[in-house]
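Number of protein chains: 6
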Amino acid sequence: MSLTVTELWSAMIAEARQYGKNEPVLASFYHASILNHASFANALSFHIAAKLDCDSVPAMLIRDVFNEAFENDKGIVEAAALDICAHFERDPACDHYGMPFLYFKGFQAIQAYRIAHWLWQQGRVSLALFLQNRIASVFDVDIHPAAVIGHGIMIDHATGLVIGETSVVGNNVSMLHSVTLGGCGSGPGPRHPRISDGVLVSAGAKLLGPILVGEGAKIAAGSVVLSDVAAHSTVAGVPAKQVGALSAELPALNMDQYISEDI
Amino acid sequence: MSLTVTELWSAMIAEARQYGKNEPVLASFYHASILNHASFANALSFHIAAKLDCDSVPAMLIRDVFNEAFENDKGIVEAAALDICAHFERDPACDHYGMPFLYFKGFQAIQAYRIAHWLWQQGRVSLALFLQNRIASVFDVDIHPAAVIGHGIMIDHATGLVIGETSVVGNNVSMLHSVTLGGCGSGPGPRHPRISDGVLVSAGAKLLGPILVGEGAKIAAGSVVLSDVAAHSTVAGVPAKQVGALSAELPALNMDQYISEDI
Amino acid sequence: MSLTVTELWSAMIAEARQYGKNEPVLASFYHASILNHASFANALSFHIAAKLDCDSVPAMLIRDVFNEAFENDKGIVEAAALDICAHFERDPACDHYGMPFLYFKGFQAIQAYRIAHWLWQQGRVSLALFLQNRIASVFDVDIHPAAVIGHGIMIDHATGLVIGETSVVGNNVSMLHSVTLGGCGSGPGPRHPRISDGVLVSAGAKLLGPILVGEGAKIAAGSVVLSDVAAHSTVAGVPAKQVGALSAELPALNMDQYISEDI
Amino acid sequence: MSLTVTELWSAMIAEARQYGKNEPVLASFYHASILNHASFANALSFHIAAKLDCDSVPAMLIRDVFNEAFENDKGIVEAAALDICAHFERDPACDHYGMPFLYFKGFQAIQAYRIAHWLWQQGRVSLALFLQNRIASVFDVDIHPAAVIGHGIMIDHATGLVIGETSVVGNNVSMLHSVTLGGCGSGPGPRHPRISDGVLVSAGAKLLGPILVGEGAKIAAGSVVLSDVAAHSTVAGVPAKQVGALSAELPALNMDQYISEDI
Amino acid sequence: MSLTVTELWSAMIAEARQYGKNEPVLASFYHASILNHASFANALSFHIAAKLDCDSVPAMLIRDVFNEAFENDKGIVEAAALDICAHFERDPACDHYGMPFLYFKGFQAIQAYRIAHWLWQQGRVSLALFLQNRIASVFDVDIHPAAVIGHGIMIDHATGLVIGETSVVGNNVSMLHSVTLGGCGSGPGPRHPRISDGVLVSAGAKLLGPILVGEGAKIAAGSVVLSDVAAHSTVAGVPAKQVGALSAELPALNMDQYISEDI
Amino acid sequence: MSLTVTELWSAMIAEARQYGKNEPVLASFYHASILNHASFANALSFHIAAKLDCDSVPAMLIRDVFNEAFENDKGIVEAAALDICAHFERDPACDHYGMPFLYFKGFQAIQAYRIAHWLWQQGRVSLALFLQNRIASVFDVDIHPAAVIGHGIMIDHATGLVIGETSVVGNNVSMLHSVTLGGCGSGPGPRHPRISDGVLVSAGAKLLGPILVGEGAKIAAGSVVLSDVAAHSTVAGVPAKQVGALSAELPALNMDQYISEDI
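Protein chains in written order, with full-length UniProt numbering: chain S, 1 to 263; chain H, 1 to 263; chain U, 1 to 263; chain B, 1 to 263; chain G, 1 to 263; chain E, 1 to 263.
No lab work stands behind these hints: they were computed from the structure. Treat the hints with care, as some may be off.
[As the list claims (entries may be wrong)] Sample of chain S residues at the chain H side, in silico, Cβ under 10 Å:
| id | residue |
| --- | --- |
| 1 | Ala-38 |
| 2 | Arg-90 |
| 3 | Ala-93 |
| 4 | Phe-104 |
Just so it is clear, CB atoms sit at the ideal spot from N, CA and C, and this is done for glycine as well.
I would like the entire structure built from these sequences, with the hints used as guidance.
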């Protein structure tokens, strides 16, 4: 049910025309961020690079890196579009497509991470680490550039999110602020969690070590998860234990943080 | 026992004179932020607008929006004064009135939210959302402009605070950093908590869904609260359960985060 | 096993030469931050002051305060070197000495705190509070300048860390993001925790009140600790209880966040 | 034939609406600079203060000084309106009232000088000198705050204009870039020129010493004037000598820089 | 003898590699300004847009306008290359091609003017005027966007240059700082000078009114020119008169400001 | 009659204390620029570096270059002190020592040039050229780093000053704005003027080619000088001719721009 990049871009253009007309203080902001661009990719590199601007590496230079990555890996722009649709579909407070693009730190951080990850894959380690630091400073989100993250990702509110070096996150995953995918041990293999498709990780949950969280699982807010979580199950508590029955739905999509209290 | 706006302003002027004299590095900072202004309202619009300054909407323009709101809703400035008194009375580390005004991200974020809320009420949705994003970027506090918040509010340390769209917070409430008033469900009615007067929400607590937290209740640090909390009771744990006896005091005022461990 | 300041500085110089050669975008960043300086102390005051730059107190002026502190208290620079070694030894994702120096918000925040603490000791209270606010704004770390903190400190990821006014933290302590050393009560004595040497405080743990955490103790992620913790023990849960057997090792050094789930 | 302040403001509002609609890149610039303000005075203090913004004294603070001056001396705003009309009437390249206000360094420099002059009159010498330096840095125009300048002033192109401490300039004077009103001697009396009403001083002319330039005189481009100039006469050359016949017209108003070559 | 754009770009790349290696402070400056770009046009839009950066219209947005102009008018980039060659060939102090590109205000101002001129031709009058103001602020050069200027232009030192609305400047013209092409009269036709190919206008010369300066003429420093100048002649003085014999050479190319004193 | 560096510094400290007390808006500016420093040299490197701050090379890094130059060539700081005394003694509008230091573009440009010249002498050509460009952008003064300039220099108003590559300027020279020391020819030897001690060059004068201006000569405003000028003589006109009698005084010291009109 997600839009194609072209459909999304048309919708964002129409929204920006409307919003800019209603609020002259922001007319040029809507123009510069959206209306002025020939494509979604152009607008994306412009807007996120502007956020990451700093003295050491100015926005224009960061944008050139974004454009280079976009040309070499078409999936980055498509993933961004799917992320926007994820916010639009899952977040009741998000009623137009421009919102995550323009305003949501979680969306913006993920897009910047994707460039850091592409740099890491190219062996440009120091620029990847530099970007990781800028993302942590600007968006309060700390994602190691070596982490692997899918598409259709929604990071709501985002402040305090930490995703460690060997983490793997599937598609259509929803995470809230203050979630940690943290490491245990220091051996050569994975030290961080592997999150399957459709998982919902509620606010403040800490998942530690190379555990596997199965497809469609739900991690309750404030949980501390130290072992594998079965697909389509819900876990809660410190440390987390399974609560409630299995379900065929994908909790990431309906964002229902509710859990039974009978635990 | 709170000061009037006029009394508060006199106290802040006297303090700033003293501090500026002792620390020449900050003399002009005290002058520009406090001493240069004819009223508390003038200083408030100056100082908070300076914090929110960005390329897209410069500080002077933001300040004009603040002044417009102050003129149309006198309660905003009075609430700010009560918030300062709340910090002064409840926080042992706060020993002069200028501290929250000049330095505390929680106080500053709430004042900026009040303008975003006023804009939201006027139907200026896009500028309200823009401000919400600026507040989240600058203060690491994410408050939806539609949320309703009273006066005498103290948000200590503040980083990571999230208050969702349909939340209602009463007067004389104290909250610490990393507290979440989060949503459950997606229907047309309220999806977020309703916090009554005098409640204390300790660090890292997550309150989820349209629950009612009664007057003078205490939510222990790190709790995950999924159901209503009785007035003057204390809840703790993941998920939170009632602990300790009822009390007639308002825990928000003495900031006692202590809870019995017998839970 | 830590390096001396001189050994560390030589290692950082060698690394920066290598990294700058590989990534021309950052060549001048490596030069300005490291290679251009005659000593570790010079580079440290340059780099951290640049991070704290603001209109009210520009970077050059902040740097002069740093240099003044370094001259009056030689221990500050030595502690910084030990902090870098702590990251290098304990964090598998940190594979060169320049990483914490250049990129890690936790390391940078602690170094800036040390200057605020020195100012506080000199009675320059208002500049100390100003710096505390800058640290909270720039690094999302809120440390009261009166708190006492040792050396060999590692603050991983760092966002949301809060350390209150009367806290005492020993040497070789590791803490993760979202950790709180919070206060209870308002009397004249200590209101915050005392953390002994070699303690590991995992992500999101809240330690409240004037409790004593003994040497080599481990506080599990997400715990809420309200009473003393015995040396070399592990506590977990909300509220935290002792789990697992005593150990002679220092958990801060191996960063093993794992805890038994049998609690 | 000049407009009143109210008429001018209405005309500027109408223009800005039109220009903002045609050029979305500048829509918010027109809004922030003109449309957002309730009066010409508000817009003037906003726009010129924004130009003078610097780390040591931010724009908002400068604007407060402007507003204080405007309230104490109503003539400052009226003079600004007359200056705009002067540009509109005399400069063929200026076809709307917003042009000098938004774009012309000469107009902007004169308005900022008026505030420096007001400060000088109040005995606030150091802030007046600070502003003089900002004006020289931002607009490349060096006017001593003690100089006395009338209204209806047009400074075309402006770069390199110098007006010394004891200069007096009447009303409806036009000067071009690189004009100098310079000093000779160092006694207690006037050391600089006195320019009467309606004088035109063409590009690059240097007028030196306490000479009197009579009403309606014309100083040819590149002249060096060392002695009094009769009213309604034209002088040219190095040093300048009278050329051409007397005229009843005011050369400042038609900006005719032409002079007979028979000199 | 000028280089093609491709040859010039190769030479600039080779120089930048050498200079960056010798001066690490500027290594990233050379990289960001030159080495990082795939073509001369890319580097040009990056570097000049960075100079024009301001709050109202950030550099990235200005760069997009540059790129749009470059695509629609191929002559703009070619003219820029010829301007660089003009500096290299005519200025003894310019010993590498990167110098005018990186450092010379005159070269940079002309390139920015070309974009303003292109906007003016497209009917985007307000953005053209905005750019004119930015050029005047940043480079101290005031060129009306309606003026018509050829290629192979060298503007040495540049401060104070003024070129009015109906001016026409041919190819291979050299002008120094403080030169004015000023207007006389206010009718519908041309009011400013027409400068033919190969003319040299020395420092501080003022040319006023719709006069014709013939091919290969030389205008001596400090002259005030009020009437036509014959091709290959030299004029000097206030007002300017012909001095010396006719010459077949192009004085713009050898930059010989010398004139006989027998005038 | 000039002060020693120590005497000057004491006088500046006393002035800054007084001015800061009278104008709280600037209290921290006086503190940061003067009072905070242990020596004149420290204050000088701080204040001029702050003026030259830019994204590519931040102020702190420029300051380190200044300090390096100061340590290697003690004469630079002494020359700066003599320049301040020159302004104080010769400019009636300069009534305290802090004025040129804090506010005068000419003084500031010369001090920055001295560092560029020192870099040029060390063979650090590209950083010298970079600084030349920054000086031209910030102060509107274009001095080639290879030029040789003495001490006791006063550059009044300064905008548009140009000093070419092979120029030599002696001690105790006064020059006004828009003065050009320009080149003729392109051979290997000197192409620019040699100005002896005690010369006064009035506003807008152009001196072209490798001419010698003798000790104590006076060049009238607007002159164009193409041949040698005898010591203690006055020249004026376009081209300049000797006017008035020889004098034993040094015109640079009394700044008397007056010349007889009998030329």
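Results of checking the hints against the structure:
At its closest, the beta carbon of Ala-38 (chain S) sits 21 Å from a beta carbon of chain H; the interface hint therefore is violated under the 10 Å criterion. Interface restraint check: Arg-90 (chain S) against chain H, minimum CB-CB distance 9 Å, threshold 10 Å, status holds. Interface restraint check: Ala-93 (chain S) against chain H, minimum CB-CB distance 5 Å, threshold 10 Å, status holds. Here the hint on Phe-104 (chain S) is kept, as its CB sits about 8 Å from the closest CB of chain H, short of 10 Å.
Figure legend: structure checked against the earlier numbered hints; the only hint not met is number 1.
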